[in-house]
Amino acid sequence: MAIIETKNLTYTYPGASKPSILDVSINVEKGEFVLITGPSGCGKTTLCRTFNGLVPHFYQGEMKGEISVAGLDTLNHHTYEMAKHIGLVFQNPENQLFALSVEKDVAFGLENMGFPREEMRKKVDWALNLTDIYDLRERSPHEISGGQQQRVAIASVLAMEPEIIVLDEPTSFLDPLSAEKIFEVIYDLNKKQGITVILVEHRLDLTAKYSDHLIVMDQGRVRFEGKPREILSSEETRLIGVGIPKATLLYQMLKKDGLNISEVIPLSSDELADEILEALKPS
Amino acid sequence: MIEAIDVHFSYPNRVEALKGVSITIKDGEFVAIMGQNGAGKSTLVKHFNGLLKPTIGKVRADGVETTKTSVAALSRNVGFVFQNPDHQLFSETVEDEIAFALKNFGFAAEVIESRVTWALNLLSLTQYRKTSPFLLSGGERKRVALASVLAWDPKTLILDEPTIGQDHEQKEILRQFILQMQTQGKTVVIVTHDVEFVAESNPRVVLMKEGKIVADGVGKDILTDPALLELASIVLPQIAQVFTKLSILGFPKNIIDIYEAKQIILKAWESES
Chain A
1 MAIIETKNLT YTYPGASKPS ILDVSINVEK GEFVLITGPS GCGKTTLCRT FNGLVPHFYQ
61 GEMKGEISVA GLDTLNHHTY EMAKHIGLVF QNPENQLFAL SVEKDVAFGL ENMGFPREEM
121 RKKVDWALNL TDIYDLRERS PHEISGGQQQ RVAIASVLAM EPEIIVLDEP TSFLDPLSAE
181 KIFEVIYDLN KKQGITVILV EHRLDLTAKY SDHLIVMDQG RVRFEGKPRE ILSSEETRLI
241 GVGIPKATLL YQMLKKDGLN ISEVIPLSSD ELADEILEAL KPS
Chain B
1 MIEAIDVHFS YPNRVEALKG VSITIKDGEF VAIMGQNGAG KSTLVKHFNG LLKPTIGKVR
61 ADGVETTKTS VAALSRNVGF VFQNPDHQLF SETVEDEIAF ALKNFGFAAE VIESRVTWAL
121 NLLSLTQYRK TSPFLLSGGE RKRVALASVL AWDPKTLILD EPTIGQDHEQ KEILRQFILQ
181 MQTQGKTVVI VTHDVEFVAE SNPRVVLMKE GKIVADGVGK DILTDPALLE LASIVLPQIA
241 QVFTKLSILG FPKNIIDIYE AKQIILKAWE SES
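Protein chains in written order, with this note's numbering: chain A, 1 to 283; chain B, 1 to 273.
Possibly wrong hints are sitting among the right ones.
In silico DSS-like pairs for lysine-lysine, Cα to Cα no more than 25 Å straight-line [to be verified]:
#1 A:K255 / B:K245
#2 B:K212 / B:K46
#3 A:K281 / B:K253
The hints are simulated quantities; they were obtained by calculation from the structure and are not laboratory data.
The whole structure should be built from the sequences, with the hints applied where relevant.
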């Protein structure tokens, strides 16, 4: 069953001369790990804002077409109602954190929803443990590292136990090792908790291997949608400026030059190395 | 030329962010400063245009000690683009933003006009000329900040995380531009986490950890040394990861260039068959 479904969704920000997303029709199934990518300014962030109703409720402007998220039409439901089903994590955690302690930040959404104290305690501890920041719970969110802050932002969203979590370039301010750890946390949530993940990223080198559904946008439209291996190996994808993982590119170059290598298009260096070892094995 | 000599720096009431850094950057060099969050990278480069002054030690830009001159005087020669564009942008239109420094430096109106047009075009921003920077996406705002500094053509360019939020094509444009600056004898210093960008651009790589420089050399050596990279919280570039695994075939491990990678693999395959 589709957990997010849009039909011919078109949206124009107030005062903008053209739509930021145009005729977008997508289907996201429950439990999928979806990667959304595309050139800067292609409408990725705007699309994510439609999922929890920030567009059009907060940004206003004009929206046409249909959208349903977790069975709800976002046009007829407030963002705070959507928050029970879908959580957004932004690029820069500093914009999202404000409380005096990590724990209070994580509890904030639950407090607003009026959960009893005991239940809130349980949910907060669960989210803190899952993101591995339980030991930081009494620290101020502003004195911890960027990677830790990003975990707090994710924990705050998780505490609400959403069915869907949307992350808009969640690690771009982090060093690569911290980024990789965050992606592992997200991947784990997807696999173990069954949470539907929507990740917006330019850096497919780091993220393609986690996804089972790829959406490529360009100039407000969805240009490609489907299985990452197929889309990333097509020439058109490269031409619109999507950064194909180096392992996938090298695979294509080797294949073009005649190397007898597996038909499975690799998305990570591990997959490619295994295929090369296999191809070079003395027969 | 930029010279830092045994620079120590402490923020008020805080731990020492730089613990004795010495580095010389010659004219025309392209340097990437890498390392973990909080390693002191941004603190170091803010010394290069005098935004910060060393607590102990000296920084000289073209022979002039930064404590003996003003940031305004230094910035004509050293352009600085911040990590977060929102710390830099304030004008009502993209065009005004880019023209602002040019006006302050007293350029003639027609020079300002042509420099603004050039910078907009270079960074694919022409269509946003009359738009407010705050209506643009994160990646686009970042390019406005970059355009506003490139427009006055500084001799040295310092870019703090220039590739954040940029797509593949924009990164390629940035890379070509940096190479072009080098051919003009200009200096480019970037602070970055983007290993793939560095692997493709082949700058001098300086690794920092906890306020000190722990390695300084070519990308091919530094970006393929797992122990060193772990110190700096960086992961190997993807091609180097592949070659680490292929080293059981006797392949060299220090490969970061995709074309070199292809040749080595095909050569092994040809000698096999």
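Verification of the supplied hints:
1. Distance restraint check for K255 of chain A and K245 of chain B: the Cα-Cα separation of roughly 19 Å lies within the 25 Å cut-off, and the hinted pair is therefore satisfied.
2. Only pairs whose Cα atoms come within 25 Å are accepted, and K212 of chain B paired with K46 of chain B is accepted, the gap being roughly 15 Å.
3. At roughly 19 Å between alpha-carbon atoms, K281 of chain A and K253 of chain B fall within 25 Å of each other, so this suggested pair holds.
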